[in-house]
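So the sequence lines, in the order shown, correspond to chains A and B. Each residue of the first sequence is one higher than the one before, counting from 1 in this note's numbering. Each residue of the second sequence is one higher than the one before, counting from 1 in this note's numbering.
One should not assume that every hint holds.
Heads up, the list lumps identical chains together, so a pair's fine if it works in one copy or across two of them.
Claimed, not checked - Calculated pairs, DSS-like style, for lysine-lysine (alpha carbon to alpha carbon, straight line, at most 27 Å):
1. K56 with K212
2. K56 with K207
3. K168 with K298
4. K205 with K56
5. K168 with K86
6. K300 with K9
7. K105 with K85
8. K279 with K141
9. K56 with K298
10. K205 with K168
11. K3 with K198
12. K109 with K16
To be clear, the hints were calculated from the coordinates, so they are not data collected in a lab.
Residues per chain are reported as follows:
2 protein chains.
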Amino acid sequence: MNKQWILSKFPVGEIKEGDLVYQESEIPELNEGEILIKNIYLSLDPANRGWMSGQKSYVDAMNIGDIMRGGTIGVVEETNNNDFKKGDIVNAMGGWQQFCVSNGKGVRKIPLDTGFPLDSFMSIFGMTGMTAYFGLLDITKPQEGETLVVSAAAGAVGSIVSQIGKIKGCRVIGIAGSQEKCDWLVNDLGIDGSINYKTDNLRGKLKELCPKGIDIYFENVGGPITDAVLSRMNIGSRISLCGLISAYNAESIAPGPAWGNLLVKRINLKGFIVFDYIKRYLEAYQDLSNWVRDGKIKYKNDIVPGLENASHAIKKLFSGENNGKLIVQIADL
Amino acid sequence: MNKQWILSKFPVGEIKEGDLVYQESEIPELNEGEILIKNIYLSLDPANRGWMSGQKSYVDAMNIGDIMRGGTIGVVEETNNNDFKKGDIVNAMGGWQQFCVSNGKGVRKIPLDTGFPLDSFMSIFGMTGMTAYFGLLDITKPQEGETLVVSAAAGAVGSIVSQIGKIKGCRVIGIAGSQEKCDWLVNDLGIDGSINYKTDNLRGKLKELCPKGIDIYFENVGGPITDAVLSRMNIGSRISLCGLISAYNAESIAPGPAWGNLLVKRINLKGFIVFDYIKRYLEAYQDLSNWVRDGKIKYKNDIVPGLENASHAIKKLFSGENNGKLIVQIADL
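With the hints as constraints, model all of the structure from the sequences given.
Spelled out as structure tokens, the structure:
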């Protein structure tokens with residue numbers, strides 16, 4: 001039998017009890033070309049909330065009754081596909097379930113001889129690390145001595161972005177939602193300054209910590225933080241638009257910041273989705289793995305045991321309670 | 001004596017009687033290195049409103065008591081500067097006045113043997129044409145077959161952008177504020193379709209006229225038009241952020257559109273200011289002059305006689321009453 005989380009209602013505002021329903025179904029027989037994957041890890045990400053909206057965006061809309069969509073790492077248990085053999089460890093959109101049947105499309109093998117733990121391929125070497133790497137380096141092309149501001153800086157993506165910024169010689173200022181997170185950014189990750197948006201005077205602190213203005217803004221949040229950052233940005237500065245977590249639970253679409261600063265400061269803003277970079281993941285892996293081995297990048301995973309806890313755990317992303325990349329452990333390897 | 005418009009109050013909302021005051025002063029003696037320019041034409045542009053705000057933006061803030069700032073064409077009447085001789089026709093930031101004294105910085109000579117009328121150097125070959133040329137070609141790099149939407153399409157800049165779009169093989173849809181303007185765009189300038197935002201169903205018309213979505217948006221206005229356009233834009237599309245005329249008279253800063261579309265559609269938005277391209281103006285002049293000679297670009301100037309009418313005339317930009325590039329004729333050549 002296969003335990004699964006099913007999208008039962010399109011959430012309005014926060015995800016609530018009953019929007020996702022936990023159920024059991026039979027594991028189907030494999031057709032020609034298909035594989036059966038036992039899911040080990042499930043990635044929980046802010047973007048998941050958007051997928052639940054019933055609106056087509058950069059992925060097809062989910063329908064009521066669908067297995068909740070999610071990125072997974074699993075092991076191939078049965079195979080009718082010559083590209084995969086039993087025991088292969090694979091990355092897939094395996095969904096919130098114990099087992100998934102796939103025709104192999106979009107399923108990528110994870111190398112086993114890297115010396116890194118398997119859960120690192122759900123975070124630093126998974127979508128999280130790829131998002132940070134391409135979103136910062138490809139979109140904004142940071143130069144030594146520039147000032148980089150990162151929102152949700154203690155989050156899974158933001159913390160990697162912040163450290164890559166340091167590697168590239170930037171002055172890095174992180175915005176986060178607790179003193180503990182702010183301290184971790186400066187003391188453990190070695191960035192140049194941090195701002196607690198819940199307690200600090202955001203505009204005053206930005207002025208103090210970014211005396212030469214802001215050259216690059218890595219945007220994860222939207223809302224009033226963005227307004228404050230825009231007002232300190234330099235002429236010819238860049239924005240990497242990665243996420244807008246403050247908006248994902250909104251019941252109606254809130255307006256954005258006025259475009260006046262984008263105009264008079266000739267800002268270049270670019271939205272991106274990490275899937276656009278799939279063909280270049282190896283390039284990112286090579287850099288990121290070297291940086292992790294050299295101790296230049298640290299990462300934290302917040303692993304929640306048990307698939308049954310997934311619908312509760314995902315709420316931590318929006319309350320900011322997670323402590324590192326949020327992952328559900330569905331089974332042991 | 002020198003008649004001048006002086007900034008007497010920072011306007012709140014629309015420019016009102018008394019914000020600008022018409023007065024006379026003596027023409028000062030020339031110092032070493034200075035020239036005296038008799039102003040012939042004064043350019044009136046939406047951006048002028050921003051200059052009156054008392055806020056530093058891409059130009060220094062104006063102060064109360066300053067001569068109102070403006071781009072001019074004039075003739076050198078006296079010279080203490082070896083770079084200029086009496087009779088030179090020059091482009092300068094000569095201000096809203098009959099005569100201006102300059103040290104020659106930022107003053108550019110206009111060639112006399114072009115076969116084009118002098119007022120064309122206030123429009124198609126002036127800031128207007130340069131803005132259209134670089135704002136479309138450099139910022140968005142239009143490709144044959146792409147769909148370009150232009151707001152304020154019947155305006156001085158928008159009408160040039162629309163025609164350059166056609167020259168580059170785009171499907172061009174213009175948004176304007178009257179049926180007469182909409183008809184002129186399609187019948188006289190030959191663009192593919194136009195939308196009267198005051199009477200048409202904007203979203204419905206965009207859908208009908210842009211069946212393949214929108215690849216490029218040339219933004220002159222801001223406000224609800226922008227929201228509607230964003231919702232039809234394609235993945236990987238581009239926005240050239242040239243102006244936000246709907247906001248210039250606002251008494252408080254209105255929010256902008258939500259950034260969700262910029263993110264999921266991976267839109268590249270770039271603000272620009274034409275002055276950044278000064279070193280490349282000749283390049284634009286060469287293309288634009290060929291296109292005008294070949295009949296591929298038409299332009300209209302709306303010339304208001306008399307400096308005394310400047311403060312009244314500028315309001316036409318915001319009501320949409322101007323009919324072509326708005327220019328004040330201060331004197332005859």
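Okay, the hints, checked on the actual structure:
Proximity of K56 and K212 under a CA criterion of 27 Å is satisfied inter-copy only: 17 Å between copies versus 41 Å inside one chain copy. Proximity of K56 to K207 under the C-alpha cut-off of 27 Å is restricted to the inter-copy arrangement: shortest distance 17 Å between copies versus 39 Å within a copy. Taking CA atoms no more than 27 Å apart as the test, K168 paired with K298 passes inside one copy only; the shortest distance there is 16 Å, against 49 Å between copies. Taking identical chains as interchangeable, the C-alpha atoms of K205 and K56 lie at most 27 Å apart only when they sit on different chains, with a minimum of 22 Å there against 39 Å within one chain.
Within a single copy, K168 and K86 get their C-alpha atoms no closer than 41 Å, and across copies no closer than 55 Å, so neither meets the 27 Å cut-off. For a Cα distance limit of 27 Å, the shortest separation of K300 from K9 qualifies neither inside one copy, at 32 Å, nor across copies, at 57 Å. Proximity of K105 and K85 under a CA criterion of 27 Å is satisfied intra-copy only: 15 Å inside one chain copy versus 74 Å between copies. Taking the shortest Cα distances, K279 and K141 sit within 27 Å of each other both inside one copy (19 Å) and across copies (25 Å).
Taking CA atoms no more than 27 Å apart as the test, K56 paired with K298 passes in neither setting, with 35 Å inside one copy and 42 Å between copies. In this assembly of identical chains, the alpha carbons of K205 and K168 lie at most 27 Å apart only when taken from the same copy (23 Å versus 47 Å across copies). Within a single copy, K3 and K198 get their C-alpha atoms no closer than 39 Å, and across copies no closer than 55 Å, so neither meets the 27 Å cut-off. In this homomeric assembly, K109 and K16 never come within 27 Å of each other (Cα to Cα): the closest approach is 35 Å inside a single copy and 69 Å across copies.
Consistency note: the structure conflicts with the earlier hints numbered 5, 6, 9, 11, 12.
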